[in-house]
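Visitor: Chain by chain, the residues:
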Amino acid sequence: MNAPFSPILLRNRRPDGPVPFDEYRANGGYEALLATVGKRDPGEVQAMVLEANLRGRGGAGFPAGRKWQSVPKGHKGPKFVLPNTDEMEPGSFKDRILVGADPHMVIEGVLLCAYAVGAEHGIFFVRPSYEMDAELMERELEIARSAGFLGRNILGSGFDFDMVVHRSAGRYICGEASAQINAISGLRPNPRKGGPRMAVSGLWGRPTVVNNVETLACLPGIVQNGPQWFKNLARTPTGSGSKLYSVCGPVARPECYELPMGTPLREILFEHAGGMLPGRTFKACLPGGASTSFLPARHLDVPMDFDALKAIGQRLGTGCIIVFDEETCLVGATLNMIDFFARESCGWCTPCREGLPFIRNILYQIESGQGREEHIGMLRQMGHHMRHAYCALAPGAAAPLLGLLDFFEDEVREHIRHRSCPFGAVAPTPRGKPCAPGPVTFGPTPCREGLSCRI
Amino acid sequence: MQLEELKNKLQQEVSKAEFPREHAIDVLYALQNHYGYLCDEAMADASWILGMTLLELEELATFYDFLYRRPVGRHILHVCDGVVCWMYHQYSLLDHLCRKLGVGPGQTTEDGLFTVLPAGCVGNCHQAPAMLVNGRFYGGLTPEKIDTILDDLRVSHEELAVCR
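Protein sequences appear in the order of chains A and B. If you use my numbering, the first sequence closes out at 455, no skipped numbers anywhere. If you use my numbering, the second sequence closes out at 619, no skipped numbers anywhere.
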């Protein structure tokens, strides 16, 4: 039996709104910043974060300290920190919960990151669906500024840093770090590739650190309590810290839970989220948002951390768990997700622009009873081709497809054999209109009506 | 605010910025709010204010979910079609919404009151199925709840929560 875990990131969460500045201060908020600016060397903060093994919570899991070490030290001119709040992946809502619960913990985390890398400007990039977060952050930033925690010469230390809120107009690709930089620059937000890393040349050609807000919110705790404390929070030897796991689908208590990194999937779903809804049986889940693979029931005891999931060929991603029950058609679910990714592709590179609609059309044929045996091989081949795309959107999109083929090929075959969906209904495409049926051929896709819904 | 006053105000803000292009989306939002959508006049105004070409602005205006290059209704319904809402039979809700309003996805009702837009995940998966009405979350939807929401909107003059 594990000892009860006290939340760190959501410790101040309450049902009636975000914790105000005064209460955050009264609970020890900004103490880490007070103990750091002008008192610790920025390199010391970087070393602490590196030793704490803080890995990015936005999906990639890259060590935050190593990212920061790439920022050039003697750089003349401003550097930027971008706290990334642009979560738009189906199943993900943890960042919204965090920002809405404790905005000053996020602000303090951004400040500590900025101090560690010598940044002067922060840009809080927010998607339009989260307008209330944008308004909240603008209000709380002004309060922090009035208290001397933002602006010039913070707390008399000589450290200058200020932050603004940048409203996006809403596209999934804006969550990709280099696309976000283009979006802020007023350019079409296609991802960038090649050339110097963003830590060297990012926004306006200046060193830029892009970190997920959950990653940044871990910093006050690490700085205040030390790297070992952070490591000890995890349930697995190579994991560290706590993790926000959001759970949705047919479970009794769909919610965002903060638990030790490495908490077993079964415990998250069947203890914290209350198990399946009455009458429903667990079939599979996506462990880290729509860009991760289906995980069948035999993996329910896997610890939810980066290395444990990697060991079974999976990814933790954002840690946002989507549950599917036995009554749900996974071909239909995959079709829905592929349609989402096809629609959200920026269209820059061929595998993504042409490949995803092609996959969508094959899946639609299978779902609507026109599937053929050779479609399975074609789907597998196309899924693997996605790794040749320009950015991570296409390989992420292929993850549930490949999971479907790896673990639920029988279900796909059943569609083909019975020439209909065994779940009794043809899942319509998200546009409410089926893709053009007919033979699948390599080449331009006949189905582009999704794009017309953007007006 | 009158158009000339708005344009001058935006132009002053942009001219003070170190990187004027950073304000591209803000300017497009402001003009969209004034004109109702990004009509050709709005695009020309944005080009003048930001010093960006019409082509550069077109790349933005046609790319994003919350910028409208065609006319929209007074109330905008972004109906989530993410996989979690899909599991909660979102299609029947979208169908219900479209049948009730007599429009297809992406269309506006004849009286100009409602535009129905299918949307990527709106970040309310634990209260699926969900939609945004003028930028505000509505979760746990049923056909009955949708009917009530539509009836309320018919008599309300609610401002957009986004795109200001």
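Don't read these hints as lab results, they were simulated from the structure. Even for Gly, the Cβ is constructed at its ideal location relative to N, Cα and C. Please note: incorrect hints may appear among the correct ones.
To give an idea of the chain A side of the interface with chain B (calculated C-beta under 8 Å), a few residues [unchecked claim]:
no., residue
1, Tyr-130
2, Ala-169
3, Trp-204
4, Pro-254
5, Asn-336
Visitor: Each hint: holds or not?
Guide: Against the structure, the hints:
1. Given the 8 Å rule on beta carbons, the hint for A:Tyr-130 holds: about 7 Å separates it from the nearest Cβ of chain B.
2. With its C-beta approaching chain B no nearer than about 3 Å, A:Ala-169 sits inside the 8 Å limit, and its interface hint holds.
3. Taking 8 Å as the C-beta contact cut-off toward chain B, the hint placing A:Trp-204 at the interface holds, the least distance being around 6 Å.
4. Against a cut-off of 8 Å between C-beta atoms, the interface hint on A:Pro-254 holds, since the closest Cβ of chain B lies about 4 Å away.
5. Evaluation of the A:Asn-336 hint against chain B yields a held restraint, the C-beta minimum of about 5 Å falling below 8 Å.
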